[in-house]
Amino acid sequence: MNAPDRFETFLLGDGEKKVTEEADTRVQSASVFTFNKEDHTLGNMLRSRLKQSPNVYFSGYKVPHPLVSTFELRVQTDGSITPRQALLQACKDLVTDLGLLSREFTKEWELRKMVGDNVDGGANGV
Amino acid sequence: MAIDLVEVQANTSSLADEFIAHRLGLIPLNSKNVDDVTYTRDCEYCDQYCEHCSVTLDLHARCTGDEIMKVYARDLVVSEPRPNEWVGMPVITDALGLGSVICKLRKDQEIRMKCIAKKGIAKEHAKWAPTSAVGFEYDPHNKLKHLDYWYEEDPAKEWPKSNNAAWEDAPQDGEPFDYSANPAKFYFDVESIGNLEPDAVVLQGIKVLQQKLALVIQELSGDDRNGDADGFGAPRSPDGMQAGGDYGMNQGYTTPFGDTGGQTMYGGGTTPFGATPYGQSGWQ
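Taken in order, these protein sequences are the chains called A and B.
Okay, so the first sequence: first residue is 1 according to the numbering used here, each after it adds one.
Okay, so the second sequence: first residue is 1 according to the numbering used here, each after it adds one.
Mixed in with the good hints there might be a few duds.
[To be verified] Cβ pair distances, simulated, as ranges:
no., chain 1, residue 1, chain 2, residue 2, range
1, A, T9, B, K207, 15 to 25 Å
2, B, A181, A, G60, 15 to 25 Å
3, B, P176, A, F7, 52 to 62 Å
4, A, G15, B, A214, 13 to 23 Å
5, A, T106, B, W167, 17 to 27 Å
6, B, W167, A, K113, 13 to 23 Å
[Claimed, not checked] One side of the interface only, derived from the structure: several residues of chain A facing chain B at Cβ under 8 Å:
no., residue
7, V19
8, L87
9, L88
10, C91
11, K92
12, S102
13, F105
Since the hints were derived computationally from the structure, they do not count as laboratory data.
C-beta: ideal position from N, C-alpha, C; glycine also.
Work out the full structure: start from the sequences and follow the hints.
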């Protein structure tokens with residue numbers, strides 16, 4: 001069988017980089033970031049987070065081919081920060097947001113458990 | 001955790017080896033605190049598999065009676081040592097404590113197999129998926145009009161409300177349409193297979209996302225051409241995240257932490273972050 005190994009969709013190959021930046025020569029302060037071994041999970045999340053920044057004019061991503069596990073994220077800023085900085089900040093903000101979500105989730109879950117509300121739907125058989 | 005390697009020592013059943021191996025792979029195994037297990041490919045102790053990166057389950061069944069015998073997941077014998085006390089146990093939730101059926105045996109038929117369970121992710125094989133169903137919904141009352149319901153006479157009568165509708169106020173009659181509103185509440189239904197509790201699935205998912213982002217941050221700031229000049233550099237990144245968090249919470253989140261945001265050592269203009277456009281103007 002000539003099917004590629006499934007782990008090639010999430011493990012970086014030898015010498016492969018996670019992210020590479022390529023400046024967009026047609027427009028000022030715009031870059032295309034190519035992410036290796038990532039998919040819509042990260043692409044869509046970063047795209048929508050970047051859109052919330054007041055300094056980002058454009059952010060969009062595409063998966064060039066469904067069988068090739070890369071995506072391209074294009075970011076254009078207003079020039080006060082570089083696309084790289086915008087992306088970095090978006091990543092950091094997402095990490096904090098997720099940390100907050102995780103903490104709040106745990107808090108709420110424990111609270112529910114204490115109240116005795118049957119949150120786990122009877123899945124206690126484990 | 002799921003069975004990934006099967007060594008067939010004896011199989012005189014009517015099913016082919018690979019058929020049974022496939023069925024064994026799909027048996028849910030307890031994965032509580034699965035972080036104690038390493039991925040086999042990352043394991044530093046072995047070339048193939050060992051007790052740090054795998055769990056061995058032995059299956060030996062032979063039908064001696066005249067009746068047809070069923071082999072169940074409970075017949076899998078977990079061998080010690082294991083990475084922790086939970087990992088690798090077959091998930092058994094039925095009242096009789098049998099677990100899933102592996103195969104049936106006629107008189108004098110026998111199967112003897114050594115199964116190696118490994119840690120993996122569902123992108124490699126669906127047997128590693130911890131959930132059987134995940135539901136997602138927002139705006140159950142369709143206040144944002146992201147949906148255009150087909151109807152014969154009255155959409156409100158013809159379309160049943162979802163369970164999540166109880167969490168939000170129903171729209172009043174004649175309420176003006178808020179065209180600038182954004183969805184703010186999202187509802188997820190997570191159904192676990194039993195190898196992890198649903199809350200653990202959610203928390204693990206959040207953690208994986210954070211790890212993915214951390215890797216990107218590391219790469220982006222590692223060879224940052226602008227270095228520390230803008231305060232986004234690598235050595236400062238832990239502060240940076242902390243500061244970002246405080247600002248984030250000041251903007252609309254009501255947590256106990258939120259109030260102190262401006263007063264912390266990270267707040268205000270004390271760091272380069274305070275001066276960035278991200279600091280005050282808000283992303284929300």
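Okay, the hints, checked on the actual structure:
Distance hint check: the CB atoms of T9 of chain A and K207 of chain B are about 20 Å apart, consistent with the given range 15 to 25 Å. Checking the proposed 15 to 25 Å range against A181 of chain B and G60 of chain A shows it holds: the Cβ atoms sit about 24 Å from each other. Our hint of 52 to 62 Å for P176 of chain B and F7 of chain A holds, since their Cβ atoms are close to 53 Å apart. Taking the beta carbon of each, G15 of chain A and A214 of chain B are about 21 Å apart, inside 13 to 23 Å as hinted.
Under the hint 17 to 27 Å, the C-beta atoms of T106 of chain A and W167 of chain B, about 20 Å apart, fit the expected range. Here the CB-CB span from W167 of chain B to K113 of chain A is close to 19 Å, well matched to the stated 13 to 23 Å. About 5 Å separates the beta-carbon of V19 of chain A from the nearest beta-carbon of chain B, less than 8 Å, and the hint is met. Contact between L87 of chain A and chain B, as hinted, is supported at the beta carbon level, the nearest pair being about 6 Å apart and thus within 8 Å.
The interface hint given for L88 of chain A is met, as the beta carbon of that residue sits about 5 Å from the closest beta carbon of chain B, less than 8 Å. The beta carbon of C91 of chain A comes within 5 Å of a beta carbon in chain B, closer than 8 Å, and the hint placing it at the interface holds. At about 5 Å, the closest approach between the beta carbon of K92 of chain A and any beta carbon in chain B falls short of 8 Å, and the interface hint on this residue holds. Among the interface hints, the one on S102 of chain A holds; its C-beta lies about 5 Å from the nearest C-beta in chain B, closer than the 8 Å criterion.
Hint status for F105 of chain A relative to chain B: holds, with the closest Cβ pair at about 6 Å, below 8 Å.
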